[in-house]
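Trainee: The primary structure of each chain is shown beneath.
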Amino acid sequence: MTTKFRTQFAKALAQHEVRNNTESVVNKLRKHRLAAFPDQAEWISMRRHSTAIRANATSKLPQLLEQLETNLQRNGIQVHWADTTEQANQTVLNIMRFHDARFIIKGKSMVSEEMGLNDFLNTHGIECLESDLGELIIQLAAEKPSHMIVPALHKNRKQIARLFHSQFPSIPYTEDISALAQAARRFLRHHFATAPVGLTGVNFMIAETGTLCLVENEGNGRMCSTAPPVHIAVSGIEKVVECLDDVPPLLGILTRSATGQPITTYVNMISSPRKPNEKDGPTAVHLILLDNGRSRIYSDPELRDTLNCIRCGACMNHCPIYKHIGGHAYQTVIPGPIGTILEPQKNGLDSYGELTQASTLCGACQEVCPVSIPIPKIINRLRWEHIRKSSCSTPGAGSGRRKTEAIIWKIWAWNCIHPGAYNRITSVATSMRRLADRILAKISPWTAARAVPRLPDTTLHERLKALKIDNE
Amino acid sequence: MDFTRASAGPKPNTVYLFGTCLIDLLYPQAGVSTVHLLEREGVNVIFPQAQTCCGQPAWNSGYRDEALAVARAQLKLFPRPIPIIAPSASCAGMIRVHYPTLFKGEPDEASTFDVADRVYELTEFLTDILKVDLTDLGEPTTVATHSSCTARREMNVADRIDLLLDQLQNVTRIEPDNAEECCGFGGTFAIKQPEISTAMVLEKAKAIENTGAQQLIGQDCGCLMNIGGALKKQDSQISHVHIAEFLWDRTHKATP
Numbered sequence: 001m002t003t004k005f006r007t008q009f010a011k012a013l014a015q016h017e018v019r020n021n022t023e024s025v026v027n028k029l030r031k032h033r034l035a036a037f038p039d040q041a042e043w044i045s046m047r048r049h050s051t052a053i054r055a056n057a058t059s060k061l062p063q064l065l066e067q068l069e070t071n072l073q074r075n076g077i078q079v080h081w082a083d084t085t086e087q088a089n090q091t092v093l094n095i096m097r098f099h100d101a102r103f104i105i106k107g108k109s110m111v112s113e114e115m116g117l118n119d120f121l122n123t124h125g126i127e128c129l130e131s132d133l134g135e136l137i138i139q140l141a142a143e144k145p146s147h148m149i150v151p152a153l154h155k156n157r158k159q160i161a162r163l164f165h166s167q168f169p170s171i172p173y174t175e176d177i178s179a180l181a182q183a184a185r186r187f188l189r190h191h192f193a194t195a196p197v198g199l200t201g202v203n204f205m206i207a208e209t210g211t212l213c214l215v216e217n218e219g220n221g222r223m224c225s226t227a228p229p230v231h232i233a234v235s236g237i238e239k240v241v242e243c244l245d246d247v248p249p250l251l252g253i254l255t256r257s258a259t260g261q262p263i264t265t266y267v268n269m270i271s272s273p274r275k276p277n278e279k280d281g282p283t284a285v286h287l288i289l290l291d292n293g294r295s296r297i298y299s300d301p302e303l304r305d306t307l308n309c310i311r312c313g314a315c316m317n318h319c320p321i322y323k324h325i326g327g328h329a330y331q332t333v334i335p336g337p338i339g340t341i342l343e344p345q346k347n348g349l350d351s352y353g354e355l356t357q358a359s360t361l362c363g364a365c366q367e368v369c370p371v372s373i374p375i376p377k378i379i380n381r382l383r384w385e386h387i388r389k390s391s392c393s394t395p396g397a398g399s400g401r402r403k404t405e406a407i408i409w410k411i412w413a414w415n416c417i418h419p420g421a422y423n424r425i426t427s428v429a430t431s432m433r434r435l436a437d438r439i440l441a442k443i444s445p446w447t448a449a450r451a452v453p454r455l456p457d458t459t460l461h462e463r464l465k466a467l468k469i470d471n472e
Numbered sequence: 001m002d003f004t005r006a007s008a009g010p011k012p013n014t015v016y017l018f019g020t021c022l023i024d025l026l027y028p029q030a031g032v033s034t035v036h037l038l039e040r041e042g043v044n045v046i047f048p049q050a051q052t053c054c055g056q057p058a059w060n061s062g063y064r065d066e067a068l069a070v071a072r073a074q075l076k077l078f079p080r081p082i083p084i085i086a087p088s089a090s091c092a093g094m095i096r097v098h099y100p101t102l103f104k105g106e107p108d109e110a111s112t113f114d115v116a117d118r119v120y121e122l123t124e125f126l127t128d129i130l131k132v133d134l135t136d137l138g139e140p141t142t143v144a145t146h147s148s149c150t151a152r153r154e155m156n157v158a159d160r161i162d163l164l165l166d167q168l169q170n171v172t173r174i175e176p177d178n179a180e181e182c183c184g185f186g187g188t189f190a191i192k193q194p195e196i197s198t199a200m201v202l203e204k205a206k207a208i209e210n211t212g213a214q215q216l217i218g219q220d221c222g223c224l225m226n227i228g229g230a231l232k233k234q235d236s237q238i239s240h241v242h243i244a245e246f247l248w249d250r251t252h253k254a255t256p
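Chains as they are written, first to last, in full-length UniProt numbering: chain A, 1 to 472; chain B, 1 to 256.
Source of the hints: derived by calculation from the structure; they are not laboratory data.
Predicted, not measured: the structure shown is a model, and the values here were computed from it.
Fair warning: there could be bad hints in the mix.
In silico lysine-lysine, DSS-like type, Cα no more than 27 Å apart, as pairs [what the hints assert, rightly or not]:
#	chain 1	residue 1	chain 2	residue 2
1	B	76	A	465
2	A	11	A	144
3	B	11	A	468
4	A	389	A	410
5	A	468	B	233
6	A	377	A	60
7	A	11	B	233
8	B	104	A	389
Restraint ranges, calculated between C-beta atoms of paired labels, are given here [as the list claims (entries may be wrong)]:
#	chain 1	residue 1	chain 2	residue 2	range
9	A	16	B	237	23 to 33 Å
10	B	106	A	101	55 to 65 Å
11	A	405	B	81	33 to 43 Å
12	B	108	A	119	51 to 61 Å
13	B	169	A	178	54 to 64 Å
14	B	169	A	181	48 to 58 Å
15	B	44	A	7	51 to 61 Å
16	B	105	A	162	55 to 65 Å
17	A	405	B	139	13 to 23 Å
18	B	237	A	175	35 to 45 Å
Sample of chain A residues lacking proximity to chain B, with all beta carbon distances greater than 10 Å (derived) [to be verified]:
#	residue
19	67
20	128
21	296
22	367
23	393
24	435
Every residue gets a Cβ at the ideal spot worked out from N, C-alpha and C, and that includes glycine.
For reference, chain A alone in the conformation it holds in the complex (with noise of 0.2 Å):
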């Protein structure tokens, strides 16, 4: 049966442009970190203490959220809890109403992208602009991110000057990345002086400080956290964590593991609105903090580990899979290995389950995961929810499963647990092996691009019998 993915799958490897661009990029993202931590013993080390940290954080994600939502208030900023990305968005419309604010400038944000903020404030009439380069990017060619870190990603040098000359027909076509990054930061200027609000996610959020962290490398999130007089941050419930000293080690770690950089250009620490006394900042600082299926993720105490991730996209960069199919093909905010058990978790494996299916389980993404995070392992779990028949907490469990294949794996199983059938069935498969490799030749999935295995003579069980090995 050829499924919704399948078929994505097969139009993604389809476009060999986009999946040039993919791998070139995750090539050099990939030498990147590896010279980031050149010293295998000083990695291992950082890891564990990283992984430390986010497991504490998450282990007391109750906790930490009211010690959190204590402090920022104590500061001055405000709180909003969503359940829904429906509540989130209307909060951020409620707050834009409230300021009477028809434009909104915006610093990246997977949260944002999560809940489609863009498209629900246009249904009301308010813009919304992108200002992280790779953002900018996608928004202006109207597609999606296709990477956590690197949004556009898949698009090239020429494709992004053609695209920015037919947006920007003022500007001389030029495929110079920094001519480009020019016209693109003159463009965004004026609306830095002049958005009434600017919206950006967070990296961390300290419970002990009530206070936000967010890291980048263009300015754009410090000019949207601070030029206009209204700043509004997105967070998932899980990006707490518990206090100052946690947050350095995370971010040596998190940008290293991302880019390969020992830190990032700018690193804002967003402790309140502006006071009486200062001259600048905005005047009102809100945090929305989106559950949308993270408590219960956090329920299961071997799915909470999902909510560990502190985004590098490191699992993405390694993945031979999304290297191949690029993060499109996902169909998902985040892609990747990630986005892989993330997302099948927050909206239903009956609509996302095949997604678990789209992994060799090689352990690439778990090798290079900063926090440790077992991607495989969670991916196995997931892939029997989607199958079993009891159920579970995870929405749509169970959807997976079909009569013939359950049929097939039975029979299998017994076939498995009855030495004497398993060795008559082998034994007649390899005694009548031209038979046999006629039947194979038919498994079109495997000689489309691969010869048949010829089957020997004799099984092994057969071959140790005639020398007399001892049986036990």
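Based on these hints, arrange chain B on the given structure of chain A.
Mentor: Structure of chain B alone, referenced to chain A:
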């Protein structure tokens, strides 16, 4: 995936062989060569004839009840406190890493810890425990290697195949580009997502073709069947051989 063995142990007199279903049905000579290699080191081999499959295909497909039933049938076949040798990192990894999870909360959970501790992948056992010293009797040749993802990331034994091949004087070993990347087999993945699997194996086959080697050597027959099948489909001259068969063929004197 972090697994630390309780103890490496001294050289044993007797071991069990877990032949694996893939070797049983498609590459039996890899199993026979494993027996020869072990016996030459003075190790007696027991092959329980009732063994079938470790259960991994069902485990990785989410069919846990079926995987458990099949794994349980294997568990009973290796009662003596001696090592269990699997000429496959994938099957050894299933027993070592995944059996304890699969049996969690089951009455026989404790016995999986014992079995997990006793299972070895073949190249790991030859180097770490038997500390074999090989003498090459073959003609000069060049080989490309492919270590499976389970050897690399689950069993942490990917380098053992290199250590063994480097003992052979007339063998030049070449590691293909992107050696650490998966070949795209992934068990049922190759059937469920054949398009992606094909893209992956074609890239892998190309990297191996680019080495100019005469043979492809690996420790897992799943990968070998996948990459070897792709090479053969493209009429490549590179044949694929399991490490056990390659080592035995080059290091024993043919009986006259």
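Trainee: Please go over all the hints and tell whether each is borne out by the structure.
Mentor: How the hints compare with the structure:
1. Distance hint between residue 76(B) and residue 465(A) is fulfilled; the C-alpha atoms sit about 20 Å from each other, no more than 27 Å.
2. In summary, the hint linking residue 11(A) to residue 144(A) is supported, as the alpha carbons are separated by about 17 Å, within the 27 Å threshold.
3. At roughly 23 Å between alpha-carbon atoms, residue 11(B) and residue 468(A) fall within 27 Å of each other, so this suggested pair holds.
4. Taking the CA atoms of residue 389(A) and residue 410(A), the gap is about 14 Å. The hint holds against a cut of 27 Å.
5. With a C-alpha separation of about 37 Å, the suggested pair residue 468(A) and residue 233(B) falls outside the 27 Å cut-off, and the hint is violated.
6. Using a Cα cut-off of 27 Å, the hinted pair residue 377(A) and residue 60(A) holds, with the two alpha carbons roughly 23 Å apart.
7. Of the supplied pair hints, the one linking residue 11(A) and residue 233(B) holds, its CA atoms being roughly 24 Å apart against a limit of 27 Å.
8. The straight-line distance between the Cα atoms of residue 104(B) and residue 389(A) is roughly 19 Å, inside the 27 Å bound, and the hint therefore holds.
9. For the pair residue 16(A) and residue 237(B), the beta carbons lie near 28 Å from each other, so the given range of 23 to 33 Å is met.
10. One distance hint, 55 to 65 Å for the beta-carbon pair residue 106(B) and residue 101(A), holds here, with the actual separation near 60 Å.
11. Under the hint 33 to 43 Å, the C-beta atoms of residue 405(A) and residue 81(B), about 39 Å apart, fit the expected range.
12. Under the hint 51 to 61 Å, the C-beta atoms of residue 108(B) and residue 119(A), about 54 Å apart, fit the expected range.
13. Between residue 169(B) and residue 178(A) the beta carbons are some 55 Å apart, a value that agrees with the proposed interval 54 to 64 Å.
14. Checked against the hint of 48 to 58 Å, the C-beta distance between residue 169(B) and residue 181(A) comes to roughly 57 Å, which is consistent with it.
15. At roughly 54 Å, the beta carbons of residue 44(B) and residue 7(A) sit within the given window of 51 to 61 Å.
16. Roughly 59 Å separates the CB atoms of residue 105(B) and residue 162(A), a value that falls within the hinted 55 to 65 Å.
17. Range check, residue 405(A) to residue 139(B): about 48 Å between beta-carbon atoms, so the 13 to 23 Å window is missed.
18. Remark: the range hint 35 to 45 Å for residue 237(B) to residue 175(A) is upheld by a beta-carbon distance near 43 Å.
19. Non-interface status of residue 67(A) relative to chain B is upheld: no Cβ of that chain comes within 10 Å, the nearest being about 32 Å off.
20. Listed as outside the interface, residue 128(A) is consistent with that label: its C-beta sits roughly 34 Å from the nearest C-beta of chain B, beyond the 10 Å cut-off.
21. Distance to chain B confirms residue 296(A) as a non-interface residue, since its nearest Cβ pair spans about 20 Å, more than 10 Å.
22. Against the 10 Å criterion, residue 367(A) falls within the reach of chain B, whose nearest CB is about 6 Å from its own CB.
23. Every beta carbon of chain B lies more than 10 Å from that of residue 393(A), the smallest distance being close to 16 Å; the non-interface claim holds.
24. Residue 435(A), annotated as away from the interface, keeps every beta carbon of chain B farther than 10 Å; the closest lies near 15 Å.
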